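As you go down the protein sequences, you meet chains V and F in turn.
Under this note's numbering, residues 1 to 206 are what the first sequence spells out, in order.
Under this note's numbering, residues 1 to 206 are what the second sequence spells out, in order.
Hints are supplied without guarantee of correctness; some may be wrong.
Remember, identical chains collapse to one label, so a pair may be satisfied in a single copy or spanning two.
Calculated pairs, DSS-like style, for lysine-lysine (alpha carbon to alpha carbon, straight line, at most 30 Å) [stated by the list, open to error]: (1) Lys-108 with Lys-134; (2) Lys-66 with Lys-108; (3) Lys-134 with Lys-38; (4) Lys-38 with Lys-108; (5) Lys-8 with Lys-134; (6) Lys-66 with Lys-8.
Just so you know, these hints were derived from the structure itself, not from any lab.
All of these numbers come straight from a predicted model, not from anything done at the bench.
There are 2 protein chains.
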Amino acid sequence: MRPWVLLKQADIAFEEIQLWFGDDGAVHGIEPHSPTRKVPVLIVDGEPVWDSLAICEAVAEMFPQKRLWPEDVRARQIARSICAEMHAGFRELRGAMPMNISASFPGKGMSPEVQGDIDRIVNIWESCREHHGKGGHLLFGQFTAADAFYAPVASRFLTHAVTLPPVAQAYAEALLALPAVREWMEQARRENRFVRADEPYRSAPA
Amino acid sequence: MRPWVLLKQADIAFEEIQLWFGDDGAVHGIEPHSPTRKVPVLIVDGEPVWDSLAICEAVAEMFPQKRLWPEDVRARQIARSICAEMHAGFRELRGAMPMNISASFPGKGMSPEVQGDIDRIVNIWESCREHHGKGGHLLFGQFTAADAFYAPVASRFLTHAVTLPPVAQAYAEALLALPAVREWMEQARRENRFVRADEPYRSAPA
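Just chain V, same shape as in the assembly:
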């Protein structure tokens, strides 16, 4: 979701290769595209760039005029810190509140450890909005890679009806209202094909 939202919201053209998760969690048909056999992967000039954070850095370098990281050096350091923190962290939350665009599970999965993750995310959002968010409604005002990184969390909070304090709630709503995020969620709701682990991979019907 993150690189897709980043590219789409920044109006950078790309082609999608549609693949399906099997019920074994593997991505069927990924082998020729990704050295890790995982998504996301971005093919640049025929060569793979993998992992959401490395894709963000590559795209930000390729399109400096899109300002995908904040221009201010201190804001940029914070943006990368909170993206890296999300990249490797918040495992209690991710484990207990899986992403499910189509579902509503109010309160499901909550525990003190999950609440700890939520509290830290709220703290990050409030701090960014207060210190760096003056130029707009997002973490660093205008859209940056950091918003793409926190979009899946906002979706989880929606699915699980997590109660947020006002500044965090307003940010979550601004994030979910971004055209790219809305489009991703709409497409995900229409997506319901899975392949069985023992089913040979076939291209999807056109």
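Keeping the supplied structure of chain V fixed, place chain F upon it in accordance with the hints.
Okay, now just chain F, sitting in the frame of chain V:
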């Protein structure tokens, strides 16, 4: 270890704040320094930059002449991809073969899942050495942030006497022979103070 090795090997001056892990896994005395209460954290102009990957990016931006990422754009994309892959991945290996500079546990912790992580790391090392490593003995020839990121893994392989194919073994040896890695390991071997979870934090005796 990663940011320390990065800064040290690149000959960038910094001051260390020495803190101790408690037996509860928390870092005692971290609160005033790190918003995540975790290490590593780098204080730049009085403000924290946290998480190893964000610290690498900040330092690389501050010291472009140190070439902490490869100069070639394609090599740089790969370097960031493999750092991000390490940042959030290889959890089987990390869980089963914890870092212990002072110990030797040949074979301990091995399983098919751990071997899968090792195979992927060997594949990364071999591919980088073959395609990008011509200018030296490291992943991208000369020292880059990617070597700092894989230094803890090389240390785990040493502790657990993991058998590697020749190219990977030669790289692991080159990495462990870097002056900054040797210095970190020597200092770590001398470090044996821990604080109990219920012990109030005190500065270390001078």
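Hint by hint, here is what the structure shows:
With identical chains, the CA atoms of Lys-108 and Lys-134 are never at most 30 Å apart, being 34 Å at best within one copy and 53 Å at best between copies. For the homomeric pair Lys-66 and Lys-108, neither the shortest alpha-carbon distance inside one copy (38 Å) nor that between copies (49 Å) is at most 30 Å. In this assembly of identical chains, Lys-134 and Lys-38 lie within 30 Å of each other by CA distance solely across copies; the values are 28 Å between and 37 Å within a copy. When the C-alpha separation of Lys-38 and Lys-108 is checked against a cutoff of 30 Å, the pair qualifies both within a copy, at 28 Å, and between copies, at 28 Å.
Proximity of Lys-8 and Lys-134 under a CA criterion of 30 Å is satisfied intra-copy only: 23 Å inside one chain copy versus 37 Å between copies. Within a single copy, Lys-66 and Lys-8 get their C-alpha atoms as close as 12 Å, which meets the 30 Å cut-off; across copies the closest is 34 Å, which misses it.
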